[in-house]
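Position chains S, A and H relative to chain C; hints supplied.
Protein chains in written order, with this note's numbering: chain C, 1 to 77; chain S, 78 to 154; chain A, 155 to 306; chain H, 307 to 458.
Read the hints as simulated data drawn from the structure, not as lab findings. Misleading hints may appear alongside valid ones.
[Said to hold, decoys possible] Per the computed footprint, the stretches of chain H lying under chain C, defined by three or more beta-carbons under 8 angstroms from a beta-carbon of chain C, are:
#1 359 to 368
#2 406 to 416
[To be verified] Derived SDA-like pairs (lysine to any residue); straight-line CA-CA distance at most 25 angstroms:
#3 C:K4 / H:K369
#4 H:K335 / A:W293
#5 A:K217 / S:N115
[Unchecked claim] If we take Cβ atoms under 7 angstroms as the criterion, some of the chain A residues that face chain S in the derived model are:
#6 G192
#7 D196
#8 Y211
#9 G213
#10 M214
#11 V244
#12 K275
#13 P279
#14 K296
Backbone N, C-alpha and C fix where the C-beta goes; we use that ideal spot for every residue, glycine too.
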Amino acid sequence: MSIKVRYFASLKDSVGRGEDELHVSDPLAVHAVWQRLNPDFAMPDAVLAAVNMDYVALDALVTDGDVLAFFPPVTGG
Amino acid sequence: MSIKVRYFASLKDSVGRGEDELHVSDPLAVHAVWQRLNPDFAMPDAVLAAVNMDYVALDALVTDGDVLAFFPPVTGG
Amino acid sequence: MSIKLCEQAFDPWREIASYQAGLASLAGKYGATGVFVGSMRDFNRGDGVKSMFLEHYPGMTEKQLQHIVEQAQAQWPILESLVMHRVGWVKPDDALVVVAVWSAQRGDAFDASRFIMENLKSRAPFWKKEVLASGAERWVEKNTDGYQRQPG
Amino acid sequence: MSIKLCEQAFDPWREIASYQAGLASLAGKYGATGVFVGSMRDFNRGDGVKSMFLEHYPGMTEKQLQHIVEQAQAQWPILESLVMHRVGWVKPDDALVVVAVWSAQRGDAFDASRFIMENLKSRAPFWKKEVLASGAERWVEKNTDGYQRQPG
Numbered sequence: 001m002s003i004k005v006r007y008f009a010s011l012k013d014s015v016g017r018g019e020d021e022l023h024v025s026d027p028l029a030v031h032a033v034w035q036r037l038n039p040d041f042a043m044p045d046a047v048l049a050a051v052n053m054d055y056v057a058l059d060a061l062v063t064d065g066d067v068l069a070f071f072p073p074v075t076g077g
Numbered sequence: 078m079s080i081k082v083r084y085f086a087s088l089k090d091s092v093g094r095g096e097d098e099l100h101v102s103d104p105l106a107v108h109a110v111w112q113r114l115n116p117d118f119a120m121p122d123a124v125l126a127a128v129n130m131d132y133v134a135l136d137a138l139v140t141d142g143d144v145l146a147f148f149p150p151v152t153g154g
Numbered sequence: 155m156s157i158k159l160c161e162q163a164f165d166p167w168r169e170i171a172s173y174q175a176g177l178a179s180l181a182g183k184y185g186a187t188g189v190f191v192g193s194m195r196d197f198n199r200g201d202g203v204k205s206m207f208l209e210h211y212p213g214m215t216e217k218q219l220q221h222i223v224e225q226a227q228a229q230w231p232i233l234e235s236l237v238m239h240r241v242g243w244v245k246p247d248d249a250l251v252v253v254a255v256w257s258a259q260r261g262d263a264f265d266a267s268r269f270i271m272e273n274l275k276s277r278a279p280f281w282k283k284e285v286l287a288s289g290a291e292r293w294v295e296k297n298t299d300g301y302q303r304q305p306g
Numbered sequence: 307m308s309i310k311l312c313e314q315a316f317d318p319w320r321e322i323a324s325y326q327a328g329l330a331s332l333a334g335k336y337g338a339t340g341v342f343v344g345s346m347r348d349f350n351r352g353d354g355v356k357s358m359f360l361e362h363y364p365g366m367t368e369k370q371l372q373h374i375v376e377q378a379q380a381q382w383p384i385l386e387s388l389v390m391h392r393v394g395w396v397k398p399d400d401a402l403v404v405v406a407v408w409s410a411q412r413g414d415a416f417d418a419s420r421f422i423m424e425n426l427k428s429r430a431p432f433w434k435k436e437v438l439a440s441g442a443e444r445w446v447e448k449n450t451d452g453y454q455r456q457p458g
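Here chain C stands alone, though its shape is the one from the complex (with noise of 0.2 angstroms):
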């Protein structure tokens, strides 16, 4: 099982990665995931997560095959 895992922006400056790939046994919360691939660096507050390109709760379940994104605030228009 594996999830893929990417980073924007300034958030991406800071981990010092645009992509991460998780191997996993059974579905992880995304915080968790943040954890196990940033053991050293807790998350920023604003940050925000997307699974599958949908808006998703730090607490929500990712799972196999799942494109997991982290990103500051959007600054965008």
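Chains S, A and H alone, transformed into the frame defined by chain C:
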């Protein structure tokens, strides 16, 4: 002393004239001008009045040289 | 500020583009442009409308429009504005009115353009006479309030 | 409904005119077009800005914009809409975003265009990185609420 009076749009059709000229010896209220010029036609409720191209109340006074306009509710835009 | 009454049909987007092209000193200063374009519909109150006459009060129209724009300028930090209105005979799909406001922030452009438009509808001395598909003519009686929802 | 992401600079008024020219079946049906154009300013938070990079999340951006327009369609009787947004490198005075809504009545065009714009600002995954006059780069931290008055 003379006041120029103008009518617009449907009110011009109802009155049957586009303009009047009224000779007066003293300042006269807007509604009194109407009454003098249209003794057999009560001023419709929704009529608007302007003196020298600014909106005025119907009891405003008009005086020598003024241009008084009567018109129905505006429908531009 | 520019206020124009137009006897001929015009392309609203080309007019806005052309006006904006003349605002060279404001380039990079405005972050927001709020625009409203009103067009002639081919129906009103359940009837087909084939043409329309826009009467106005020359002089007072310009004076009132200028007053409205000045009131908007007093309330919002507007960098520039353009108001155009057709007069005379118009046909369906013609642009009747353009209101455009340039400002630094978007909220001001939205608010001020709507304020100008609503005040134009309630205070600028224009009157519409419709020629129906049947050939009958009728004056439009009053404008609706654009801040309230209207039946379709 | 049309949603476009653009890598090249565009003339917003020409784009709107061109899109509207394709709405032949709606000619005479829409009485109102509400438009917002956002442009790049050459200053922000007291600093000169000489260029900007617009990052986005390909796929999610389009999905969220479509969702926002569908929400607007559910709330107001919209006849047509156009949303355009620049991505990549932009420079001051470039158009960044266009929202245009065509409807029968003006209140709906005003309300729906503003709704789409505000939701785009708060939900569409775009991020701006400014290059200042000094050469320093910084990410814009957050968007403001366009319904509230902002300090100049």
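- [ ] Please name the hints from earlier in the document that this structure breaks, with their numbers sorted from lowest to highest.
- [x] Checked against the structure, the hints that fail are numbers 2, 5, 7, 11, while the rest are satisfied.
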